[in-house]
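Given these sequences and hints, build the entire structure.
Chains as they are written, first to last, in our numbering: chain A, 1 to 123; chain B, 1 to 459.
No wet-lab data here; the hints were simulated from the structure. Even glycine gets a Cβ: it sits at the ideal position worked out from N, Cα and C. Careful, some of the hints might be misleading.
[Said to hold, decoys possible] Some but not every residue of chain A turned toward chain B, in silico, with C-beta under 8 Å:
| id | residue |
| --- | --- |
| 1 | R104 |
| 2 | K119 |
| 3 | L120 |
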Amino acid sequence: MGTLNNKRISSLQTALLALALGLGAAACGDDDNPTPGGPPVIGLPDGGPVTNLDAGLDSGVVTTDGGSDGSVPPPANCTGAANCVCAPKTSVEFLNSCTTGACRPFDNKARIPGFTGTKLPLQ
Amino acid sequence: MARASQSGLAQRPHQEVQFVTSSPLRHPHKARGRTLTQACFAALAIASVSTGASTVSAQAVADCAAVPNAIFGIGGSAGTNLIKQIAIHLAGANPPITLVYSDPGACQAMTALVPNAATGAVTPLSGNGKYWQADGKEISCTYASGSTLTADWGAMAQEATTCSGVEGLPANVSDNLGPISGFSLIVPNASSEYAISAEAVYYIYGLGVGTGHDISPWVVPTAIGSRTTTSAAGLLLAKAVGIPTSRKLAFSDLPVTKGGQDVGSNKGAVEFVTATSAAAVANPSAALAFCATETAEEYRDKVRTLAFKAEGQDCAYFPDTDLTGTNSADKKNLREGRYFLWNPHHLFAKVDPVTKAPLKADLAKFIAYFTSREELPASSASTQTYLDLQIKNKNVPVCAMRVTRSGDMGPLASFQPDKSCGCYFDKKTTNSTACQACTTNSECPASAPSCNYGFCEVK
Numbered sequence: 001m002g003t004l005n006n007k008r009i010s011s012l013q014t015a016l017l018a019l020a021l022g023l024g025a026a027a028c029g030d031d032d033n034p035t036p037g038g039p040p041v042i043g044l045p046d047g048g049p050v051t052n053l054d055a056g057l058d059s060g061v062v063t064t065d066g067g068s069d070g071s072v073p074p075p076a077n078c079t080g081a082a083n084c085v086c087a088p089k090t091s092v093e094f095l096n097s098c099t100t101g102a103c104r105p106f107d108n109k110a111r112i113p114g115f116t117g118t119k120l121p122l123q
Numbered sequence: 001m002a003r004a005s006q007s008g009l010a011q012r013p014h015q016e017v018q019f020v021t022s023s024p025l026r027h028p029h030k031a032r033g034r035t036l037t038q039a040c041f042a043a044l045a046i047a048s049v050s051t052g053a054s055t056v057s058a059q060a061v062a063d064c065a066a067v068p069n070a071i072f073g074i075g076g077s078a079g080t081n082l083i084k085q086i087a088i089h090l091a092g093a094n095p096p097i098t099l100v101y102s103d104p105g106a107c108q109a110m111t112a113l114v115p116n117a118a119t120g121a122v123t124p125l126s127g128n129g130k131y132w133q134a135d136g137k138e139i140s141c142t143y144a145s146g147s148t149l150t151a152d153w154g155a156m157a158q159e160a161t162t163c164s165g166v167e168g169l170p171a172n173v174s175d176n177l178g179p180i181s182g183f184s185l186i187v188p189n190a191s192s193e194y195a196i197s198a199e200a201v202y203y204i205y206g207l208g209v210g211t212g213h214d215i216s217p218w219v220v221p222t223a224i225g226s227r228t229t230t231s232a233a234g235l236l237l238a239k240a241v242g243i244p245t246s247r248k249l250a251f252s253d254l255p256v257t258k259g260g261q262d263v264g265s266n267k268g269a270v271e272f273v274t275a276t277s278a279a280a281v282a283n284p285s286a287a288l289a290f291c292a293t294e295t296a297e298e299y300r301d302k303v304r305t306l307a308f309k310a311e312g313q314d315c316a317y318f319p320d321t322d323l324t325g326t327n328s329a330d331k332k333n334l335r336e337g338r339y340f341l342w343n344p345h346h347l348f349a350k351v352d353p354v355t356k357a358p359l360k361a362d363l364a365k366f367i368a369y370f371t372s373r374e375e376l377p378a379s380s381a382s383t384q385t386y387l388d389l390q391i392k393n394k395n396v397p398v399c400a401m402r403v404t405r406s407g408d409m410g411p412l413a414s415f416q417p418d419k420s421c422g423c424y425f426d427k428k429t430t431n432s433t434a435c436q437a438c439t440t441n442s443e444c445p446a447s448a449p450s451c452n453y454g455f456c457e458v459k
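See below:
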């Protein structure tokens, strides 16, 4: 895995980030490390649990040293805090890359009876 | 350090790039006025019912083969809305091009273009087709019984080999990549559910309900919509969660009397969870189906896309940043790799086996437009650009993507379009962007030196 986590805090989202991080930065942690008592819940108008993985990156300031290949270095303000990847390179890192948006927890162990982390073979 | 992008993702050179990258699109053109009368279409549309821009004819009124200026296609319904929008535009071009399309299922495109191994022949077009006039009217037509007319093109949101029995394309069929389509697990808006995981989908559509691993509230078989193995949505979902594509998805072959879970089309999935499944209507939280995201978004007043947690992912994401509000159409999670369920639209076309040139001039033009290699022609139907057409249709133009993938639902990799349109996409879908506005490259900073579609981009 690449560098894990972090992001900067925008002034408008400070409170939201504090809530998200304070209640459990690993709220969207994987099934092997579920958050005791469930994930932090932030109410949205549409209802349902929401976890904010990141409260930065919204203003779009990233470092761009201008590699000739068009690549962009990781954002300097992505410093790591909530199980997300600042500079994704592999497929799984892109899946877990940092964002200002919300994610929704889905705990396989809690939701799938008998789930142990390995899918049963299809018959 | 300078402002360059709002995504926060590292841009990297193409890695395992499978897509047609965004060749420069022309600047928006101005319509050159109405160019063609459509009398012939009016004559064919005898029984059409005019109820608005997307009018559907009341019954089949024409022989498809007799439609003028036509090129004939077949495939899945995931791309029908995109094809429709292009078709309306091209119907108003001078000269017009008419796209006649049938959408019985994605893999029907392969049976129509790839010779059967046993017979050496392709399957002629049959049954019903449809085409669109410049005024937006959809006209039904029918291929005559015994017709030997074969397809010029096919449309699917998947690779040819994802269809059963197809080991590769023959030399006389080309594969051309178009915009990105998301795919959605959908529930009625009244459902209590907002997320699902790949593992849960595997159990629901792989093992089926009643195996001892039922996932509440999706425990009512007749409330779970499915598709057959000719459906791109079904095949791609299977690939995404690890179900062999050769295996029928659970509930796909149950008879109508037991719920009719083969919902038949992308729109059928929406109808199933909101109307045609009595079990789903009675218990919305038990309802589940899947379709192209562009279809799900067309019916946002009825259904919502579930946030999806892929294998190896820590949390589930919607295609968009948010489900509601300002950022509910930005496709940011899809574009940056956090929403796993997406694939490019493919346009398969008959070509010369040696030169690879499309066999019909109008087909060559359609391919050029579909893949963004050429801007849409002037049309009496619309002045919009193809870029705007894609965005309006809830597709993601390749130039707005920051990730690519190798193969259907394959692993993700960083992607730098040749001419990015991410800033423009953000502006169009959220009415805001952090990118600097511009009219020429000279106005842009060194960190984002390319003035693309009115905004400074890295490339």
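Structure-based check of all given hints:
| no. | hint | result |
| --- | --- | --- |
| 1 | R104 | holds (4 Å) |
| 2 | K119 | holds (5 Å) |
| 3 | L120 | holds (7 Å) |
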